[in-house]
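Novice: What follows is each chain in one-letter form.
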Amino acid sequence: MLEFRDVTVFLGGVRILRNVNFHVNQADTVAMIGPNGAGKTTALRSVMGFTRMTGEILFDGRELSTIAPARRPGLGIGYAHEDRRLFSAFTVEENIVMPGQVAKFSAAELAHKLGRVYEILPELREMARRPAGSVSGGQGKMVALGRALMIGSRLIMLDEPFQGLAPALARRYSEALRALRDQDREVTLIITESNPKLLRKFADRALVLERGEVREGSLSDGKDAA
Amino acid sequence: MNTQLFALAIFDGVAYAALVFLVAVGLTLIFGVLQILNVAHGSFYAIGAYATASLGGMVFAAGFSPYLAFPLMLIVAVLVGIALGGLIEQFLLKRIYVKEGALQLLVTFAVFMILEDVQRLVWGVQPYFESSALQALGNIKVLGITYTVYQLIVLPCIALAVLICLRLFLRRTLSGKLILAVTEDREAATSIGIDADRVYLLTFIVGAALAAFGGALASATTSVVPGMGADMIVLSFAVVATAGLGQIEGAALTALLIGLGRSFAVYLMPELQVLVPYLIMLLVLLVRPQGLFGIAQARKI
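Residue numbers (the numbering used here), protein chains in the order written: chain A, 1 to 226; chain B, 1001 to 1301.
Just so you know, these hints were derived from the structure itself, not from any lab.
Incorrect hints may appear among the rest.
Claimed, not checked - Which stretches of chain A does chain B cover? Using the computed rule of at least three CB atoms under 8 Å from a CB of chain B, they are:
no. : stretch
1   : 26-33
2   : 78-86
3   : 95-101
Claimed, not checked - Label-pair ranges, simulated between beta-carbon atoms:
no. : chain 1 : residue 1 : chain 2 : residue 2 : range
4   : A       : E109      : B       : L1092     : 38 to 44 Å
5   : A       : F10       : B       : V1078     : 40 to 46 Å
6   : B       : R1198     : A       : T66       : 15 to 21 Å
Beta carbons are placed, not taken as given, at the ideal position from N, Cα and C, and that holds for glycine.
Just chain B, same shape as in the assembly (with noise of 0.2 Å):
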């Protein structure tokens, strides 16, 4: 393996992890908090993506600047968080918070496929690609290599921005504060006078966000097809995890070590580029089962 080829391989492993991580930090905050693994997590991520790039394709071809797709990116996420997010709380996941982990895993499951076939009716199965945002940041030259900065500047700078956010609005503001207490007791937290239920909506939220956020932002760099929520949603549960469930910055790093262990399998062997996430999983997890940077019992996010 040559030196460009290394480093090609890194720039798309940071590339990726970058929006692997913004779905699996959402999965993880939620899990943290709710302690439900919600596969319709993918979904977010698929129609934040579909939404993205119908609704850029519009406001393209009415002729306005492609730089308006950052913007539409973000009102897109706030809108799925909301809408999306927001209603499946109030409305399913409300009423099973005390049920076993089980059933909640099969709800959210069954969400996620009931949200599937919406996709298909509203969008039908032809796949969707709207890149003016990647085109419109042009490409960089880095050791040789030609690469879209979009990819190779843009995400991975706002994966860290998204991280040092959120932990900055866990710890320093008050809604914040109240996710981290509700998180920790959620008894404690309601005797002094807490909210936990509002508190689980708006973590819902914002975790839904995050996905959708991530799925907007995939969709300049590759086509929206069917079935990409349910390959992110594995994905970033691999990434959660080898991490250990609720570790937010565990998440950041070990999407970084999934996504390069991807994109060197493309290169070096590219017939278990889709085992090598789930190989590093097995054998972390063979090694320490909570996780690279699991507390064994400590609930904390």
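Isolated chain A, as found in the complex (with noise of 0.2 Å):
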């Protein structure tokens, strides 16, 4: 369902990706790992487009170059930034729901969606008025989360999750990515991290992402680890 075809992607004159090519089927939970630095948060970005690239990137089958980047969201896809980029003049749940209200969900399909937000996240319910610029980091990365999925019905792209969460809030994040899987079994997930570890009884493939090139991993021995 998405497919990158010869990406390359220069970043102030320097080469980030470099032909990149990888394939990712409908349903799978992939581990993109890798150094800091080796393209990870490029490769996510240009799907989203906010890169300058050469080379395909095809979802569904369609070429994104031809997809205005505010347009990408609408197709079903949730990205949620390395650093949370919450609003912060709304409250989380302003900022959960905005994906839907821009995308022109009926009323009854945006409560539907908050509601499954809630279910998978239910600890966004009880912080759900509080202004999002007042929850600590790892909250916001939640908060992140749950505005990923309000959009992303198809494809939900999560960029270092874990990076900076406390042991406690890492284990909680990961059992709402469970209860999203046991929930939607269809849909598209891919989660960059430099610790292949953290993802191992998770993803079900792994790319590495080394110095601007990719390359199919195993999660199981833990050495793609960079």
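Hints are included, so try docking the two chains, each in its own frame, into the full complex.
Specialist: Pasting the structure below:
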């Protein structure tokens, strides 16, 4: 459902991705692993349309370069930035609901999706009315996940979700991911992580990004950790 | 300074501050969202004034009620915002968002110069005076001073209403929320499907319409002359800089501060009248470079 074809990205004169080719199937849970600076975030940002790239990215058979970045979430792509990027002017719930409002979901659909988000992440319901600027970094990651779930009916991309999470929160976060997988077996998940051990039990495939190139990896022995 | 003179200075200051606020709030909104200091904002003010004065002249000469001036002002403001503001954003500013600030400033300055000449072409250089709206509402006596209802009550109420409506629009409506989201983080906004280009266009239209509305309201109180746009852009820039760029409520309080400072100068030290707003700005920025209400780094409106 997602395919990179010879994707090359330069950022500020430096080549971040070099002729990257890979293919992700519908309903896969993919761990994208590799050291910091390997290009994981750039790969995800390219799907969202935030990089200048050559090559092609196909989503459900459609060439993404023909679709403006602001229209891509409407295809069912949810994306959680590594650094949360919540809108501090709004409450937690407003942040979560916003992608659905932008996509013009009906009131019933919004309520249904929000209920689903709270089912997977019940702690968000408790902080629903708090200003997003006041939640802790770890809670912010949960909110960012909730926001990605709101719109990501086909593909959810999580950038370094475990980065900087306290152990208890990290456990909660992986529970939530498992709950998500139990609830929706069709959605495709791509999770970047520099420590593959964290995703070993969870992902069913690993893509290793190193020095701007991608190869198939394995999660079982952890040797692919850079 | 006796009580009456004191009250008169306050009335003058408040009436003037209301007009300055309408222009300054549009300027600060545009800066807060687009990060562009729009010098052409003064032209929107002047064109709003010219259009209202000349169209109003025609309407009232044809024998229509002077109260039609108020809907006319609104229509002029919306038209200037959409036609002029929309076109400038789409065909000029859109191309230069990624360029450096100095270039953006030069482009909006060039637009301002062009629009100055357009005004001379369309309306000539003779002053326009059309105060039917002001006269229709009559006078009011407060503290022994006779003052126009239009300036003492209507203008401040409109300014206050605009402030409240703008805040409600930003906080409660989806369009407003999208503006806040794009202001805070354009990339994050795009990644949840917000079309930042459209938000920029909407913001610029709203800001331009506010300036034109200020000009439309001002046209009833003063003669509309060439150069009024330049005076207003400099003054409203002083307000915006003193308040802190992007501060909406701050712009209201600062407009009041500068309006009062200016009107007291008129009565106490007339020779300093023009200078006082900039003295206030200078003093504030020396102590607080981010402005009275500015936050050092966060982008918020």
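Novice: Does each hint fit the structure? Answer for all of them.
Specialist: Each hint tested on the structure:
no.	hint	result
1	26-33	violated (count 0)
2	78-86	holds (count 4)
3	95-101	holds (count 3)
4	A:E109 <-> B:L1092: 38 to 44 Å	holds, 39 Å
5	A:F10 <-> B:V1078: 40 to 46 Å	holds, 45 Å
6	B:R1198 <-> A:T66: 15 to 21 Å	holds, 19 Å
Checked against the numbered hints above, the structure violates only hint 1.
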